[in-house]
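Undergrad: The lines below spell out each chain.
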Amino acid sequence: MDDVEIKKIFLQVFPDLEESEFNWKKKQNDYENWDSFSHLNLITLIEEKFNISISDDDVIELKSAEMILNFIERNK
Amino acid sequence: MNTIIDFFKNSVKNYPDKIAVIFEKNEISYKQLDNLVNSLSNSLIHLEKASIVSIYLENSTDFVVSYLAILNAGMIAHLIPTNLRKEKIQKQLEISQSKLIITSKHLIDKINSINYNCKKIIFIESNFHQIQQNKLMKINNEHAYLIFTSGTTAEPKGVIITQSNTIFTTKNIIDVLKYDEFDVNVLPLPLTHSFGLGCLHASLFVGSTLILIKNATNTVNILKEIQQYNATTFAAVPLTLNKILKEHDDCSSYFKNLRLIITNSTSIPVKTVEKYRDILKNGFLATYYGLTEASRSTFMIFDKLGRETSVGKPYNDVMIKIQNESLNELETGQILIKGDNVIKNYWNNLEADKRIVDYWLQTGDLGHKDSEGYLYLDGRIDYVINVAGEKIIPDDIETVVKVLTDVEDVVAIGIKNEMYGEIIKLFVKKSVNSKITKFEILSQCIKNLESHKVPREIEFMDDFPKNEFGKIQRFKLK
Chain W
1 MDDVEIKKIF LQVFPDLEES EFNWKKKQND YENWDSFSHL NLITLIEEKF
51 NISISDDDVI ELKSAEMILN FIERNK
Chain X
1 MNTIIDFFKN SVKNYPDKIA VIFEKNEISY KQLDNLVNSL SNSLIHLEKA
51 SIVSIYLENS TDFVVSYLAI LNAGMIAHLI PTNLRKEKIQ KQLEISQSKL
101 IITSKHLIDK INSINYNCKK IIFIESNFHQ IQQNKLMKIN NEHAYLIFTS
151 GTTAEPKGVI ITQSNTIFTT KNIIDVLKYD EFDVNVLPLP LTHSFGLGCL
201 HASLFVGSTL ILIKNATNTV NILKEIQQYN ATTFAAVPLT LNKILKEHDD
251 CSSYFKNLRL IITNSTSIPV KTVEKYRDIL KNGFLATYYG LTEASRSTFM
301 IFDKLGRETS VGKPYNDVMI KIQNESLNEL ETGQILIKGD NVIKNYWNNL
351 EADKRIVDYW LQTGDLGHKD SEGYLYLDGR IDYVINVAGE KIIPDDIETV
401 VKVLTDVEDV VAIGIKNEMY GEIIKLFVKK SVNSKITKFE ILSQCIKNLE
451 SHKVPREIEF MDDFPKNEFG KIQRFKLK
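Protein chains in written order, with my numbering: chain W, 1 to 76; chain X, 1 to 478.
Bound-form chain X, shown alone (with noise of 0.2 Å):
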């Protein structure tokens, strides 16, 4: 088996009549969503091989159907976040020359008005009748799914999956993690996120049963969903799993049947994986660090006391070296990693494919390790700011900040936050005589930038500290 789709294929074989995905209290099994899958992907046919199609849907049954259906009739999937703005959108668009796109009534009009020129088609849930794969159906064993990621600057970068870098990741998901078909896995991630896609993929991959959830600010419906189902694994980021805490006094009812709720690098205050290993009564808490281009490169799970700060280990292959002039592992430097999880290349951008020398991927994180090689994370090398997973160039804010006539100069720097990990902080240096308000400013971000990029706080300044070339010095600020 070589392909996402080989995977797919092989559980419907297995579990035809079993459920498949649970959305909105709607089931599906196997067998209706190879239907489904196979009917979207027959109508896909007249594209050429490894064409990229670009989904713009929210989670939904809809959304799985038409990533199995692009694979399927041998094309790539490029997943676009809802939450992106137009111009991103378009850029996204343009970069990666995508022939169609698919997406639903209610989010068409967005894509309507965006100014770029392809076919788009509405997903309109067909029957669930038997339909027979088109036999002239095209095998597409290499690129898989493309998915943007912030770069160090304003420009996106394409980082596109292979099929071996997929299963290379979800076996070692399935095997570090223990996934199999008895699972039921309750999922308010997005799918346009490799977090969100790699469960997707675990759980089909198992022949077990995904609970989909759209909103993933809704703990109480997500509690509910735990415990109407049965639920064995939960996933999500921090948090979630800190307002699930703050929510609600006793959740422990809710976590009965679950054998593992995982969660992703951003940092988790040491008081929740505590409190999520006192609450799990019959499991644990489980924790990766990854990137897009390196998906689960380490597994940390939190069974035992101890390490609570740490990311773990990585696993199958997987090497990880940090970087930095002492040569020590245990003292802080970059974090470099390598392994048949890690792209080759990003998507037509020979600029970022230097961050790939020999193999190793140049994350731009900043870690070290302890004496049993367990990893820990120390920040940036650079000013990427990272809200509650969503990685933020400063860039992008400082650019919609200073179209302001009564901004002079501004500055956005990350600071740490318990509930989200950082949260954005804007220095701002006004013009001369300038009267702007910090409501003003934070209106206009509102306006401009998509809703994880908008400031929490402002202070205004009259200059900022910078270096003998007149260079802003950000650590200062910091």
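Only chain W is shown next, with the shape it has when bound in the complex (with noise of 0.2 Å):
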């Protein structure tokens, strides 16, 4: 159920997201507080959930829910 621990995932990093407001092609440039902290954040938390490693050049190459699940999919 990869899909739903990324969406728990980005609920906890962006905590002032509603839940019915997260949407999975929704990007980067889309959401009010997805700097590039915000971002390390996300990608950190992804590694670690998911036991990955991710590049510097794939890091910033993965930006919305939906790239970050088929990132994850191609990878484990």
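No wet-lab data here; the hints were simulated from the structure.
DSS-like mimics (lysine-lysine), calculated; alpha carbons at most 25 Å apart, straight line:
id, chain 1, residue 1, chain 2, residue 2
1, X, K243, W, K26
2, X, K429, W, K49
3, X, K214, X, K391
4, X, K214, X, K86
5, X, K447, W, K49
6, X, K246, W, K26
7, X, K275, X, K246
8, W, K76, X, K435
9, W, K8, X, K86
10, X, K246, W, K63
11, X, K243, W, K27
12, W, K8, X, K438
13, X, K438, W, K7
14, X, K416, X, K243
15, W, K63, X, K224
16, W, K49, X, K402
17, X, K246, W, K27
18, W, K25, X, K224
19, X, K447, W, K26
Make the complex out of the two chains shown on their own, each in a separate frame, by following the hints.
TA: Structure (structure tokens):
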């Protein structure tokens, strides 16, 4: 249930985000608070939860929840 | 002209119809800005002269109006970063004894949830009709604004900047970086920080146009604004500059008109300096070194090969001294700064005032000079961590993690990182039989810390290196 975990992590990193507002396709630039620091926190939590390591180049490419989900499924 | 308002009003007089600020496509001229400033400052006139008025706003035209209105009314502007946690905001309000908070509809709930009793007003843009300044307006030639920085302890230090500090620094910025009324300046930096605010001052003083951006993460938008408005200058932290290079294979077309990119003293990878030197066909990359307490103490212009790791030289009577046992400035030592850009004292903080001895500010930064006097940064004398320009006290993070019963002890340190300058690494000693996971520790940090203070790495340890008195030797963990 990777998708459930990813959604939970999003809601954790962005506490102001209502569950109903969560959208898999919504990109980094559409979020008010998704700055470089929050992005790093998101990635760090994902790495720990799924026990994967994400390279600096990939970190920059992962700009939506959907992209993160696809990345995890490819790299597990 | 003795105050920031004198310079602003001078630009209003010289360039009334010129665009002063553009924010999210909304343009406002110097005259319109002046009317809004007069209108808001007229409503602040009931406060006692030099009262603290806090601004809790994101980058916006409203921020600029509020800031200038507070100064125009003879008050002191207290600038609160919007990413600060509630407890920290409360602490700042208590220390500053703020009399009024200017905020927005969007942020008022956070302010209302803080246990601090003072008047709060929501900024509502009034019309642009000509509004005369109230003749009873107070004049404050002394203090201009108050910004809190992290101390070496958890207690924040209020840095009180005078009008004369600001005017001296702004003139230096304008002189060295050659700002003039024809400039169009793109600024995706928070105005609550000295870097962003200094750029605002420079832009208003010369009568140029400021393109204010709220979000430095959206590099597509930043590049679009640079191109659309034919920007001539662009100010950004090294993190944003690195991000642009990584996300855009060819950004030179956006920068055709740029004569200057100004960044600040967190470490800039040499590769980044070299790439921007190549990209900027008609301009140059520049950096500076400074603290909130001693803004823009050196400037470095990367217009020729060499010294890519230097932060430059002091300008206009600012003095920099390297303090070390060898009395040799070519060797690493603490950086001391003296000059009209340096504060005389902190805000009601005698302990912090001890850092200023005979007008020399002890910065806590380590550095050395080369034979021609160029300054190079070598780290910190204490264990302050610098993540993309945000200074972080390890104790802030450690206190939050130590609350977890499964954690016996914890140490936070900064480790080098190409994108961020430094990132935070946490060493954790678990309690006996503890099964705590790294994820749980991270969750605790995310819940209780500002986003830039969350560690990027965690390592579990059986014990920490200690000296004979049982004190943890942090340098060994580095």
